[in-house]
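*Asks:* Going line by line, the protein sequences match chains A and B. Residue 277 in the working numbering is what sits at position 277 of the first sequence, and the numbering runs on without skipping anything. Residue 648 in the working numbering is what sits at position 648 of the second sequence, and the numbering runs on without skipping anything.
To be clear, the hints were calculated from the coordinates, so they are not data collected in a lab. There could be a bad hint or two in this list.
Said to hold, decoys possible - Per the computed footprint, the stretches of chain B lying under chain A, defined by three or more beta-carbons under 8 Å from a beta-carbon of chain A, are:
id	stretch
1	346-355
2	414-425
3	460-472
4	537-551
5	572-578
6	605-619
7	635-644
These numbers were taken from a predicted model, which means no experiment stands behind them. C-beta atoms are modelled at their ideal positions from N, C-alpha and C, and glycine is treated no differently.
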Amino acid sequence: MSAPNKAYDPVRVTALAPAEVQRMLDAGLAAISGAGSFDELKEARLAHLGGRSPLVLASAEIGALPPEAKAEAGRRVGEAKRLLGEAHAGRQRELEADRDQRVLVDEVADVTLPWDRRASGARHPVAMLADRLADVFIGMGYEIAEGPEIEAEWYNFDALNFPPDHPAREMQDTFFVAGRDGAAHSGKVLRTHTSPVQIRAMLSRPLPVYVVSPGKCFRADALDATHSPVFHQIEGLAVDEGLTMADLRGAISAFVEAMFGPGLRTRLRPDFFPFTEPSADVSMECHVCRGASARGGSPCRVCKSQGWIEIAGCGMVNPRVLAACGIDADRYSGFAFGLGIERSLMIRNGLADIRDTIDGDVRFSRAFGAEA
Amino acid sequence: MLVPLSWLLEYAPLPEPVDPAEVGRRLTGIGLEIEAVEHVGAQIRGVVVARVLEIEELTGHKKPIRYCLVITGERPEEQRWVICGATNFAVGDLVPLALPGATLPGGISIGSRKAYGKLSDGMICSAAELALGDDHSGILVLPADAPLGADFAEYAGLRDVVYDVNVTPDKGHALSVRGLARELASAFAVPFADPAGELPAGDKPDPRVYQASIGDPSACDRFALREVSGIDPAAVTPLSIRVRLARCGMRSVSLAVDVTNYLMLELGQPMHAFDRDRLQGPIAVRRGREGEKLETLDHVVRQLDPDDIVITDSSGPISMAGTMGGLATEVSSAAVNVVIEAAHFSAPGIARMSRRHRLFSEASARFERGVDYELPLRASAKAAALLASLGGGSVVAGYSLASAPIEPVTIEIAGDLPDRVAGVSYGADTVVRRLREAGCSVAVDAGDRLVVRPPSWRPDLTDPSDLAEEVIRIEGYDKIGIAMPRAVAGHGRTAAQRLRIEVAQALAGSGFVEVISSPFGSQDDFGKMQLPADDARRRAVRLANPISGDEPLMRTSLLPGLLRVAWRNAGRGFPDLALFEIGQVFLEAEGGCGAAPVLPVDHAPGKAEVKRFDAALPAQPRLVGCVLTGKIETSGWWGEGRQVSLYDAIEAARTVLGASRVPYEVLASQAEPWHPGRCATFVVSAFGEEVVVGHAGELHPRVIGAFRLAPRTCAMELDLSAIERLAGLVPPVQAPFISGYPVATSDVALAVPSAVPAARVQEALVAGVRSVAGSHGAALLEGIRLFDVYRGEQAGAGNKSLAYTLRFRAPDRTLTDEEVAIARDAAVAEAARRTGAVLRSAPDASA
Ligand SMILES: [Zn+2]
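Build out the structure end to end from the sequences listed, making use of the hints.
*Replies:* Given below as structure tokens:
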């Protein structure tokens with residue numbers, strides 16, 4: 001029990017009466033929860049929790065209460081402030097969430113609109129395929145050998161065992177370089193195949209030699225759907241001790257599986273190239289029908305229902321070629337193979353007209369983008 | 001070569017039933033690729049042998065028309081009337097008659113039809129209508145012993161399988177029934193009967209036969225003549241021979257010519273028949289002489305070359321040996337006495353001659369691939385006998401032969417060579433057997449060495465590897481196994497090869513489309529490109545035989561080709577283009593490169609010889625070129641697009657050089673084909689060299705006009721070979737030190753005379769910072785960036801204002817404002833010293 005405190009003024013402290021505090025609390029809570037905007041909420045906060053709000057003004061009166069009443073009134077007012085504060089924070093969060101929701105909706109963009117401000121670039125499929133073919137052989141340990149496109153006849157023909165008047169030279173329509181002052185003979189040609197690079201590689205590299213040579217070749221063919229005066233080949237050459245035709249088949253089948261799909265069989269048939277002996281043409285099992293079209297399956301457009309597709313020429317390096325490069329043919333043997341890159345595009349990518357590769361139409365390269 | 005199966009089977013008797021498809025597969029399997037198989041005559045139905053009974057000449061028409069009564073049997077009801085437009089037959093002749101309902105080659109159906117007011121109940125056929133040649137001139141009159149009423153296709157042997165064999169240039173022997181049948185017999189392991197047969201008993205040289213002589217043994221080493229006399233000019237080529245000639249794609253000409261052609265197809269020996277009564281004096285073979293001329297059978301007068309091989313009589317050249325006969329001594333159908341020539345000419349000699357005169361015949365094709373040198377006597381004996389028997393003449397006994405010695409080829413090989421080449425164990429027995437089947441004589445030496453003498457018909461067998469191939473080929477490539485390739489220690493792509501790919505990818509990544517343009521060009525391009533008279537790019541390599549006379553030169557720049565590609569694309573509705581190409585160009589040395597040497601091939605060229613090759617070849621640098629035209633950014637819903645500008649071309653060059661990491665400078669310059677005020681030159685000054693590696697910018701307006709492109713078209717061209725080489729000198733990137741201390745930036749705006757290149761100002765700013773605190777200053781400047789260029793009053797007349805942001809950062813501390821100010825002031829001072837720059841404003845350094 002405490003003694004009565006005569007010092008307080010009962011009139012001035014009615015605001016601290018429990019009912020009154022409750023009323024102020026209710027009014028504040030109603031205003032806060034009723035606030036529909038940040039402005040209204042701010043108004044409600046100022047009105048009910050601000051420096052001039054009844055509750056805050058009332059709390060200033062606590063000091064005037066008799067000591068025995070102070071604690072209770074203080075607790076009561078503090079509790080009311082806390083509740084109002086919480087209500088305000090809650091309402092603030094609600095309004096913010098509403099606002100964010102509204103903003104994100106308002107700011108929805110059409111993500112399907114185009115943004116092709118700059119047309120995309122592309123590599124030429126012949127160049128890409130050449131790189132990719134070379135990659136297969138690089139993976140097998142080969143290196144890339146290169147040579148000039150205008151080549152001495154000796155490299156393009158003689159050293160490759162094309163004797164001067166042999167009809168084999170006629171197999172290839174050769175562009176001859178005019179001699180100085182209009183002389184007919186310059187001893188130079190636009191290389192008709194990438195094979196002269198073989199000669200250069202054998203003359204310049206230490207044995208054993210494992211190289212591939214992709215590059216541009218030229219034949220004096222009139223332009224049509226399957227002939228172009230400018231085309232590309234990639235050739236491989238291996239010279240080592242003890243190489244046999246079985247090694248050649250192995251290299252070719254590894255390459256075919258890498259390029260066209262695993263499990264595809266290859267077939268060699270006799271052919272003739274002056275620089276290889278024996279020589280063969282290489283066919284692979286059709287990568288589309290896998291030979292089914294030739295066994296009575298539905299017709300195949302890619303292999304013309306033959307089941308096999310001719311893709312390359314190859315053979316064991318003719319010992320005469322080794323001799324022209326100063327390599328002892330009793331100790332070393334070699335194999336070589338070559339294929340047309342445009343021809344590979346025809347088989348692999350359905351190229352129908354070789355002219356498209358040198359026409360320069362941007363639609364052609366763009367269709368391939370950055371990966372053929 | 002076209003060859004009927006029936007002919008092959010005469011000499012390679014395969015077991016019945018013969019599967020034509022399997023024959024084709026086997027031939028392809030041994031290297032005689034079958035390009036096509038045609039079942040000929042299968043379509044012919046309802047054509048029978050008929051006799052002409054009556055001929056009624058119908059008059060009043062534009063051409064003679066006959067109404068003929070024909071009979072196809074003995075009974076009167078087997079008579080019928082047919083209309084016929086030919087007149088080369090008489091009552092009593094036997095003819096092929098297509099009955100109503102018959103089918104002819106090409107699927108043509110024959111019915112009864114009204115013509116010239118008469119009913120034609122069938123059709124009398126010409127050789128052409130039966131696909132036996134192109135002779136439409138008259139109907140085919142059959143021999144008197146043709147069986148009346150017989151099925152004509154059966155009687156004439158029209159139903160056959162014809163193979164189109166792709167004979168590779170090394171297999172001259174396979175350009176004959178003889179050679180193909182031998183291969184076929186070997187493939188099927190059946191005995192081969194040689195159609196060349198043996199020489200007639202008692203055959204020997206006889207002075208009564210027209211005398212032959214060889215004037216040049218390097219041109220011809222076997223030269224045989226035989227004679228047939230008293231041929232009936234009315235004799236015609238029998239149907240069986242005509243059918244076979246037609247099957248092999250040859251025309252029937254006259255009996256003597258048909259007989260020589262027929263035996264050429266069968267044996268592979270080209271022969272020539274002369275009208276004896278048009279010859280004068282002895283026949284010789286020699287080289288042509290300067291000024292000599294010969295009119296050949298095709299009515300072309302040919303100027304002979306001293307390297308040509310000709311047959312002569314006392315009047316001069318009468319035939320181009322092994323290629324085409326002369327018109328004056330042509331054996332016409334009226335010839336009564338015929339001289340048959342069979343010879344073995346130099347293969348390279350015939351090859352050169354036929355190429356020189358662009359005269360390619362069945363004979364020259366065989367001679368240049370190599371003909372059996374022991375065949376002339378045997379083939380001519382067969383020809384004389386056949387001609388005499390078919391023409392009602394008689395063979396003049398004996399022959400006349402001139403010959404030069406031929407050194408037989410002997411090859412020694414190890415018995416296991418084929419095994420070692422193929423990686424297959426054939427065994428010595430198989431090797432010997434296969435070589436003998438090919439006609440070689442094989443002696444097995446001690447120690448498993450084989451001494452092999454190839455037959456006279458295989459001039460292609462000269463080396464041990466030829467013999468190995470022969471065995472492997474006939475045994476079949478399907479016997480060869482697959483060995484997994486051994487892994488070798490490669491080094492991957494060289495730095496230069498990698499760079500080339502990186503450059504291409506970088507350009508494609510920045511929106512350029514790679515194309516391959518034509519490497520051919522013309523003198524006109526130099527003018528269009530505005531090249532000065534002494535420009536090195538005018539020294540182009542000229543082709544002796546260009547595809548088009550309009551473009552006889554090889555390109556010396558990628559740009560003309562790229563500009564044409566751009567024009568083509570623009571014409572196809574693509575005016576906005578960014579193109580690039582990487583490719584070689586060709587630059588002749590001043591005064592032209594000399595001819596390349598032709599060296600022997602039995603040993604490697606020495607270093608000096610390789611140098612001679614190098615010196616003879618033009619420079620062939622690899623360039624990278626870009627062309628930009630139209631808009632580089634399209635207009636769209638985002639707003640206006642942007643036209644290409646010279647800076648896009650320059651940036652493309654920076655992209656390439658950036659990929660290479662080669663240090664370079666950009667200089668303003670004037671170079672064709674660029675706009676003189678809008679051309680940047682890229683110079684690499686490093687590693688003790690100063691190399692101009694190319695140019696970029698806007699093209700000269702006249703160049704743009706000449707290539708019909710949109711105004712302001714831009715281009716870039718760099719010497720990628722030079723950049724590749726220089727890039728090889730660039731040391732590896734050293735990893736940077738990443739400082740964790742704050743950055744301090746300072747902006748400066750400098751007024752400089754308009755003509756001062758921004759790059760020079762920037763260089764001066766950098767140098768200025770570097771001059772501070774020695775090497776420490778260099779480390780302070782992290783970056784510098786030009787962010788504004790202003791030309792206006794405030795910059796002062798004739799000036800421009802360049803605004804730069806300098807970024808400073810120290811590796812070991814936070815920079816003070818004072819340190820930054822010192823560095824900035826030093827930068828500005830150096831710019832002022834070098835370029836006359838005046839500081840317009842220098843905001844405080846801000847951290
Ligand atoms: Zn298929």
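*Asks:* The stretch 605-619 of chain B covered by chain A? Criterion: 3 or more residues, Cβ-Cβ distance below 8 Å.
*Replies:* Result for this restraint: holds, n = 6.
*Asks:* Just to make sure I understand the rule, a stretch counts as covered if three or more of its residues have a C-beta closer than 8 Å to a C-beta of the chain. Does the stretch 537-551 of chain B meet that for chain A?
*Replies:* With 7 residues close enough to chain A, the hint holds.
*Asks:* Between the stretch 414-425 of chain B and chain A, are there enough contacts, at least three residues with CB-CB distance under 8 Å, for the coverage claim to hold?
*Replies:* holds (count 5)
*Asks:* Are 3 or more residues of the stretch 460-472 of chain B near chain A, judged by a Cβ distance of less than 8 Å?
*Replies:* It holds: at least three residues are needed, and the stretch 460-472 of chain B offers 7 whose Cβ sits within less than 8 Å of chain A.
*Asks:* Report holds or violated for chain A covering the stretch 635-644 of chain B, Cβ cut-off 8 Å, minimum 3 residues.
*Replies:* holds (count 4)
*Asks:* Are at least 3 residues of the stretch 572-578 of chain B within less than 8 Å of chain A when you compare beta carbons?
*Replies:* Since 5 is at least three, the answer is holds.
*Asks:* Has the stretch 346-355 of chain B got at least three residues whose CB is nearer than 8 Å to a CB belonging to chain A?
*Replies:* holds (count 6)
The structure is consistent with each of the numbered hints, conforming to all of them.
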